[in-house]
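Chains as they are written, first to last, in the working numbering: chain A, 70 to 302; chain B, 15 to 345.
Please keep in mind that the hints were generated in silico from the structure rather than gathered at the bench. Do not take every clue at face value.
[Said to hold, decoys possible] Some chain B residues near chain A, calculated using beta-carbon distances under 8 Å: (1) Pro-55; (2) Gln-57; (3) Gln-60; (4) Gln-208; (5) Phe-211; (6) Thr-212; (7) Glu-213; (8) Phe-218; (9) Ala-222; (10) Asp-228; (11) Met-301; (12) Thr-302; (13) Leu-304.
This structure is a prediction, so every number in the text was calculated from the model and none was measured. For every residue, glycine included, the Cβ atom is placed at its ideal position computed from N, Cα and C.
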Amino acid sequence: MACNSSPDIAPMVDVNLNFSHLMNSQPVQLDKLIYQNSLGQDFSIKTIKYFISDVKLYKADGQVFEFPDIHYVNIRTPETLTYRFSEKIPEGKYTGISFVYGLTKEENISGRFPDPPESLMEWPEILGGGYHYMKLEGEYKMANEVLFFNFHARMLDGVSNEIHIYDLDHPFSVTSKALNLDIAMEIQHWFTNPNDWDFTYFGPNIMSNAEAQQAIHENGKDVFSITIKDDQP
Amino acid sequence: MKRISIGSLCSLIVIFYSCSETIQEPRGPTPFTLDIPAGFPEQNIQEDNPITQEGVELGRKLFYDSIISNDGLKACATCHIQANSFSSNPSVIPHINLGWSHNFLWNGAVTGHVEDAMRFEVEDFFNTDLSKLNNHTEYPSLFEKVFGTTTITTKEIAYALAQFERTMISGNSKFDKVQRGEDEFTNAEEKGMQMFFTEKADCFHCHATVFFTDNLLHNNALDASPEPGLFEVTGDTLDYGKFKSPTLRNIEYTSPYMHDGRFKTLEEVVDFYSDGLKHSTTVDPLMTYLYQGGNHLTAEEKTELVAFLKTLSDPSYLTNPQFSNPNNTSN
Chain A
70 MACNSSPDIA PMVDVNLNFS HLMNSQPVQL DKLIYQNSLG QDFSIKTIKY FISDVKLYKA
130 DGQVFEFPDI HYVNIRTPET LTYRFSEKIP EGKYTGISFV YGLTKEENIS GRFPDPPESL
190 MEWPEILGGG YHYMKLEGEY KMANEVLFFN FHARMLDGVS NEIHIYDLDH PFSVTSKALN
250 LDIAMEIQHW FTNPNDWDFT YFGPNIMSNA EAQQAIHENG KDVFSITIKD DQP
Chain B
15 MKRISIGSLC SLIVIFYSCS ETIQEPRGPT PFTLDIPAGF PEQNIQEDNP ITQEGVELGR
75 KLFYDSIISN DGLKACATCH IQANSFSSNP SVIPHINLGW SHNFLWNGAV TGHVEDAMRF
135 EVEDFFNTDL SKLNNHTEYP SLFEKVFGTT TITTKEIAYA LAQFERTMIS GNSKFDKVQR
195 GEDEFTNAEE KGMQMFFTEK ADCFHCHATV FFTDNLLHNN ALDASPEPGL FEVTGDTLDY
255 GKFKSPTLRN IEYTSPYMHD GRFKTLEEVV DFYSDGLKHS TTVDPLMTYL YQGGNHLTAE
315 EKTELVAFLK TLSDPSYLTN PQFSNPNNTS N
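Bound conformation, chain B alone:
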């Protein structure tokens, strides 16, 4: 006959009590660990918006849901199309590696974190009708799981979208593979790279760091009478004609180019920098070839530079199922 001592019984009671206590505890959302590519820095995560599995899923659902627009006609994904590296014609800024960005929109109207950019989209661009979300059969419970509240405001919508945006990371281009020693440039790509990263073509000062953007705004000598750009935001005449340097990652998929989409191809872009620079008073001094209208690359050099730019393409980003439409309806 088996005996259970008092001591063992006490232990069992404690174990049962502990178990039942664990089960009764309210469970928070599951922390989400970002998959940061080699060579990329850590993201600066907002303390009040930690990334969670449930938050990312909610953000992704919202990204593809036209409930977010006041008239119910547009979702984020309507203009930010995955097949185009989350951009579209004309000249919609691609959503790629935005978790590291700190200036947003072509004219830099929003600064801060991607949370701030999403808040601008929700409040100013979409003018989201909060009653639609608060009265929805599904969303209030989804928001409660992430933020612990069933009252949905623009802040929670923006924060959920920001959590999804922070996962939208691209770092698996041929360029990255060459950096990791997994691939090699062709001869043309190598020559293009040499031009890109020296003052021969001098692309790297603005298209800087692993993100191929300095996230700053410059007048790149596009027009003799430039559009206002950053001036619209600051009112400072020194900011006239300044626009954000876009990332060159996946640039192959984000035609057309420049803030107004004036160039259809990368060849046209390289032609502009080579031979089409226009003087205006706020042109950035980094445009050192301004006085002669450009750096006058040969046809062969232009081809090589474009070949290098295409090594920045990460086709896996266009098909990554983690970023695709999770809803039944397509947008």
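Next up, chain A with everything else stripped away, as it sits in the complex:
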């Protein structure tokens, strides 16, 4: 993507990411114990922090534009909910997008992030090191008691469980406007399909629970959706 003044080179366009967090297709209301999972258990959401990385844009002519940025999202920090890449892409026809929820195994190295807030996602060395891919926290109801849950996700036993999100059959045109990629997390999907998440079975803490981490990994495949603004196929 080097500069070139040749007139036949397409103009370069900014790429923006915009993040939203939905519950049953509506913007999530934090701190409210008003949601039910697929098993009918009441729960609320208080914390959503996670990494998005390895964004790739696939051009119709076969070129792939890959962004090395790792972006940290915190639902309570508005400035993390939008992100503009420093690199631009050329105008033209594209066929799809992919990105990674979490960090790839190669990037998930302790000390990768020296400063907060990313450094605060660290995953203890004795549990394998690296970083939390996500901290999703809230409350759930068990009988008449309200308990906290810490849905903290990453990997166990050296198996990286980042999720590669592919949307490769999604033709769109990039014009002189900035390309806006709206990435929405449907939170409810973390708790179902194929695994119905039972808060009482998994309990408040799951960082050392391989079965829980595996269930999260399997449920995460349809959590994210991508909408392209100014979509002109």
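Put chain B on the given structure of chain A with help from the hints.
What follows is chain B alone, placed relative to chain A:
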């Protein structure tokens, strides 16, 4: 007979001219290189306050000088005592590794760099009488060497103090030595470490990174009717009862504990987290054992956890002559 050619003479003249020019140039303060321990990140140094030898010395002198308080009775060191890891009773936040901090005071009233924290201390806590410093026989020239001005304002005082604070680094505890392969945990310390860094005791989420603090504010379930904490600063009811996570480095030397100093010993602190959690509406979800009042550690586990906490002690920080009182008078 020795001959000096015209060319050589010219060279000599140039050399002499160059030398005299160098001597006449005003010399700035000497850059100071921080001694960052292995595994620690670089400090985020403010561009307008580079650390210099003269700046650090000036900050250290000010830290120990009661001229900084309006009534002339207190210095920084009056409450921040080196033998206590620069804290004191009751519950004075220790000054240790503050160069990496970005939230200051128990209720988070000051955010930014340590320069901002020092400015708060100078302007709001000490209400420093600038005329005393500006009319002092020694300080104006010391400030001129560091900042190039003889007019001392709260900014220069805060910046000098911040330069000293940035050198106050502790990273030589037994924990650090074990990380570097120079020492080994005892069996009890190892078990305590396992609890600390897993959700068994779940200390690491708030007491995070090499600094053993996330520098954030939380309601840790201390009281059923908590004090306002961060609410005093933000006015947001969701911030009620939130206080800054203190570093656990040198925690052995900074009794008493919690924002109000209610616990005298580490054993009392561990007892609280084990069995004394109290529900209130803003308790942090990281306190996952709230519903059962704590994680109910056994007596042996509590002992092991305290044993691990004491491996975070760096006694060399308490006696490091670089941080001691440089003035003749003791505080």
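Against the structure, the hints:
1. Annotation: Pro-55/B was flagged as interfacial toward chain A, and the flag holds, the nearest CB pair being 3 Å apart, inside 8 Å.
2. For Gln-57/B, the interface hint is violated, the least distance from its beta-carbon to any beta-carbon of chain A being 10 Å, above 8 Å.
3. Violation of the interface hint for Gln-60/B is found here, the shortest Cβ-Cβ separation to chain A being roughly 15 Å, above the 8 Å cut-off.
4. At its closest, the beta carbon of Gln-208/B sits 6 Å from a beta carbon of chain A; the interface hint therefore holds under the 8 Å criterion.
5. Hint status for Phe-211/B: holds, given a least beta-carbon distance of 4 Å to chain A, under 8 Å.
6. Because the beta carbon of Thr-212/B sits about 6 Å from the nearest beta carbon in chain A, less than 8 Å, this interface hint is met.
7. Look at Glu-213/B: its Cβ gets to within about 4 Å of chain A, closer than 8 Å, so that hint holds up.
8. Annotation: Phe-218/B was flagged as interfacial toward chain A, and the flag holds, the nearest CB pair being 6 Å apart, inside 8 Å.
9. The beta carbon of Ala-222/B comes within 5 Å of a beta carbon in chain A, closer than 8 Å, and the hint placing it at the interface holds.
10. Residue-level restraint check for Asp-228/B holds (minimum Cβ-Cβ distance to chain A is 5 Å; threshold 8 Å).
11. Annotation: interface hint on Met-301/B holds; nearest CB of chain A at approximately 7 Å, less than 8 Å.
12. With its C-beta approaching chain A no nearer than about 4 Å, Thr-302/B sits inside the 8 Å limit, and its interface hint holds.
13. For Leu-304/B, the interface hint holds, since its Cβ comes within 8 Å of a Cβ in chain A; the closest pair sits about 6 Å apart.
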